[in-house]
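Visitor: The chain contents come next:
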Amino acid sequence: MLRRSVIGTSLAVVAALGLSACGGGGGDAAASKTVRVTLANHVWTDNIKKALPEFEKQTGLKVQVTQLGEDQLSDQYNVKLNAGTSEIDVMMYRPLQEGRLFAKNGYLADLTDKTKSNNEWDWADYQAGPVAATTDEGKVVGVPIITEQEVLYYRKDLLKKAGIDNPPATLDELKADAKKIKEQNPGVAGFVARTGKSPAVTQFSSFLYSFGGDWSDGSGKSTVSTPEATAAYKYYGSLIKDEGPANVSTDMSWPEAMAIFTQGQAAFYTEASSLYKNATDPAKSKVADTVAFAPFPAGPAGSKPYNIPSWALGVNAASSNQDNAWKFIEWATSKAQTLENQKAGVPSARKSVWADADAVSTYPKDLVEAMNAGEKGAVGYDRPRVTKVAEAREIVGQPIVDAITGKDVSASADTANAAFQKFLDDEKK
Amino acid sequence: MSVQMLSSGTPGWVRWANAHRKWLFASPAMIFVALLIIFPLGWTVYLSLTDAEGSVRAAKEFVGISNFIEVLTDTDRFWPATGRTFAFTAVVLIFEVVLGMATALLLWRPFRGEKWVRVAILLPLVATPVAVGMMWRLIFDPNIGLANTVIGWFGIPPQPWLAGQATALPTTMFIDIWQWTPMVVLILLAGLTSLSDEPQEAALIDGANAWQRFRHITLPLLMPTVIVAILLRGIDALKTFDILYATKGKGGGSFHEVETLNVYAYGLSFDYNDYGISSTVLIIFFLIIVGSMWALTARRKDAA
Chain Y
1 MLRRSVIGTS
11 LAVVAALGLS
21 ACGGGGGDAA
31 ASKTVRVTLA
41 NHVWTDNIKK
51 ALPEFEKQTG
61 LKVQVTQLGE
71 DQLSDQYNVK
81 LNAGTSEIDV
91 MMYRPLQEGR
101 LFAKNGYLAD
111 LTDKTKSNNE
121 WDWADYQAGP
131 VAATTDEGKV
141 VGVPIITEQE
151 VLYYRKDLLK
161 KAGIDNPPAT
171 LDELKADAKK
181 IKEQNPGVAG
191 FVARTGKSPA
201 VTQFSSFLYS
211 FGGDWSDGSG
221 KSTVSTPEAT
231 AAYKYYGSLI
241 KDEGPANVST
251 DMSWPEAMAI
261 FTQGQAAFYT
271 EASSLYKNAT
281 DPAKSKVADT
291 VAFAPFPAGP
301 AGSKPYNIPS
311 WALGVNAASS
321 NQDNAWKFIE
331 WATSKAQTLE
341 NQKAGVPSAR
351 KSVWADADAV
361 STYPKDLVEA
371 MNAGEKGAVG
381 YDRPRVTKVA
391 EAREIVGQPI
401 VDAITGKDVS
411 ASADTANAAF
421 QKFLDDEKK
Chain R
1001 MSVQMLSSGT
1011 PGWVRWANAH
1021 RKWLFASPAM
1031 IFVALLIIFP
1041 LGWTVYLSLT
1051 DAEGSVRAAK
1061 EFVGISNFIE
1071 VLTDTDRFWP
1081 ATGRTFAFTA
1091 VVLIFEVVLG
1101 MATALLLWRP
1111 FRGEKWVRVA
1121 ILLPLVATPV
1131 AVGMMWRLIF
1141 DPNIGLANTV
1151 IGWFGIPPQP
1161 WLAGQATALP
1171 TTMFIDIWQW
1181 TPMVVLILLA
1191 GLTSLSDEPQ
1201 EAALIDGANA
1211 WQRFRHITLP
1221 LLMPTVIVAI
1231 LLRGIDALKT
1241 FDILYATKGK
1251 GGGSFHEVET
1261 LNVYAYGLSF
1271 DYNDYGISST
1281 VLIIFFLIIV
1291 GSMWALTARR
1301 KDAA
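From first to last, the protein sequence lines are chains Y and R.
Going left to right, the first sequence walks through residues 1 to 429 as this note's numbering numbers them.
Going left to right, the second sequence walks through residues 1001 to 1304 as this note's numbering numbers them.
To be clear, the hints were calculated from the coordinates, so they are not data collected in a lab.
It is possible that part of the hints are untrue.
The list that follows gives simulated cross-link-like pairs (lysine-lysine, DSS-like), each with its CA atoms no further than 25 Å apart [stated by the list, open to error]:
1. Y/Lys388 x R/Lys1060
2. Y/Lys139 x Y/Lys116
3. Y/Lys335 x Y/Lys277
4. R/Lys1060 x Y/Lys80
A few chain R residues that face chain Y, going by a derived Cβ cut-off under 7 Å, partial list only [what the hints assert, rightly or not]:
5. Thr1050
6. Gly1054
7. Ala1059
8. Phe1062
9. Pro1142
10. Asn1143
11. Gly1155
12. Pro1158
13. Ala1163
14. Thr1167
15. Gly1249
16. Tyr1272
Glycine is no exception: its CB is placed at the ideal position from the N, C-alpha and C atoms.
Assemble the whole structure, with the sequences as input and the hints as a guide.
Guide: Structure follows, in structure tokens:
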């Protein structure tokens, strides 16, 4: 008797384990009342979460938010979308980082009809650059929510002390000013920026463009070892090596570089405009009252900062709840919500919002000026436009870290150029 | 109830079940474990023979062993990563076993406050490796970290630690040693406690000194336990991921300073979406671990 029940129990346990393993994959009824939304850690997300009850009241839908850091978000998408999950309805993604890959893999639902269906919501209100980045082979696959530009963050007090009246307008001036301030203030770096091979690529891009370089030309030829590109690598590397913090790490992304700046240990910092709150918020920054902003300094080819949509919302192609998912996107990207978010410090991709004087009233005045000035020469991408972006970034980022550590930049750029050419050829196949 | 007690009227399957009950009882667990191991392993082997990339559900072609040829001839990333994996494992194993043995011998005999000392020594073991990585990353920060402040008191110039190309790997080894020596202590202490006192006393009467007693009595008796400790720590050290990833990030740093096979395989699948090559690296890595384990267990049988 006892024996039989033991067998029975073990079989039941195995069956239960087996079933629960299968349980994850099954979707629920066609149009669930719950919209499952995966969002990245961002000021935008915080604002939307605060406004959620309003949406839930309006529509009677429930929103379930999963919020993750950038890297965890990528890993999560990799695992879940690879397995064809229907558990995600709305996904916040980076059009320039994962957009092409996701579209190619068929992860993103075609939103073309939906974006055209509502005139009040107004797809035509979106800026052309961001729209191009969320459109794949003629199909709209995402709605851009956040845009950013590279600007120069600097410390008013240190410039004043050094007798510098205006922030540097050219890259040559930037180098000279950084040098002067570093010599004057022991323990303070003249300049800081991202140094990690992959994270630095996006912030280096404005330097590259301003020197007259680019990642590749229109015909799929790698151009990372042209004289212009090599000069840009050399400049960026020596700026950090000579005027940067002592013993500088080659692993810094924005949190590390921003920490050095906001701890008062650097005079100049080039970074995305959308992160400005980290420097101006007294709770996060020791230099909140002395930080100021200026347009990206001009290089030999002028001032050419990137101006890109950093985040967009898309709908999971495998979701069985696409109509409700769209309702959420429509609400979260409506003119009213976009205005609210922009007022809270998140630059949007809507033309009408930028035209609204109210929208930028809370921004530091010099930041708005810097962004407007940057608009003219702006480039619509901040990394190579390819499918396997992560791999490409590591290839074109190698000369950056080689330059920072004082290696032979020309040789490194040549190596990177050959590797990037091979990469581009492979992708074309 | 035994076989003899079954009457002749019992159905055949009951007889069969009764005769094979040890297999029958164990089978659910065995089948479950087998599926859990065989399915992922089989899938990985399959992927390693294809050119899967982008998405594992995308169309892929069977490419035979060309992935293996590509990986085994890759002197840029694969072989350096393999070298680092072994260097890391060898160095941390030597330090952890020697330090672990020394600490275990110190803690072997009862003393006052023994409990507190043991708790303090075991603390690193219970901390989460990622948290440990983040903590040491702050301590070893070249500009604002505690480590450079402390060595500054002794007039030593600031070191780059995790930020230096040559110093990053040794620094991560230090962190691993800090965290995992307590585990070796724990295992060896358990072994020491189970040793009988008589051989020691006999040696003492014969006039053996402390070193002789350790070298010729304690160590040989403890050898099976030492091998267990080496085995467990060795396999774990080969597979180290969290500490390396938390301190240096993707690709083991901008120059792949701490990129081991595990970190490399992770990057291949999660950053490059190159599932074919990634699976190939994992299969080779798996064979390496199985091989090392086999070598060590063979050694253990000799020792026992």
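Visitor: Restraint: R/Pro1158 near chain Y, CB-CB cut 7 Å. Satisfied or not?
Guide: For R/Pro1158, the interface hint holds, since the closest Cβ of chain Y sits about 6 Å away, which is under 7 Å.
Visitor: What's the verdict on Y/Lys139 and Y/Lys116, does the C-alpha distance respect the 25 Å limit or exceed it?
Guide: Holds, at roughly 12 Å.
Visitor: Quick one, is the R/Ala1059 hint okay against chain Y at 7 Å, beta carbons?
Guide: violated (11 Å)
Visitor: Verify the interface restraint on R/Thr1050: the C-beta must sit less than 7 Å from at least one C-beta of chain Y.
Guide: violated (14 Å)
Visitor: Return the status of the interface hint for R/Ala1163: holds when the least beta-carbon distance to chain Y is below 7 Å, violated otherwise.
Guide: holds (3 Å)
Visitor: If you draw a straight line from the CA of Y/Lys388 to the CA of R/Lys1060, is it 25 Å or shorter?
Guide: Holds: Y/Lys388 and R/Lys1060 sit about 17 Å apart, inside 25 Å.
Visitor: For the restraint on R/Asn1143, tell me whether the closest CB of chain Y is nearer than 7 Å.
Guide: holds (5 Å)
Visitor: Given R/Gly1054 as an interface hint, is its Cβ closer than 7 Å to any Cβ of chain Y?
Guide: This interface hint holds because 5 Å falls under the 7 Å limit.
Visitor: Is the straight-line distance between the alpha-carbon of Y/Lys335 and that of Y/Lys277 25 Å or less?
Guide: Distance of about 22 Å is within 25 Å: holds.
Visitor: Against chain Y, is R/Phe1062 within 7 Å by beta-carbon distance?
Guide: violated (17 Å)
Visitor: Verify the interface restraint on R/Gly1249: the C-beta must sit less than 7 Å from at least one C-beta of chain Y.
Guide: holds (6 Å)
Visitor: So, as I understand it, the hint says R/Pro1142 touches chain Y; can you test that by seeing if any CB pair is closer than 7 Å?
Guide: At 4 Å from the nearest chain Y Cβ, R/Pro1142 passes the 7 Å test, so the hint holds.
Hint compliance for this structure: hints 5, 7, 8, 11 and 14 are broken, all remaining hints hold.
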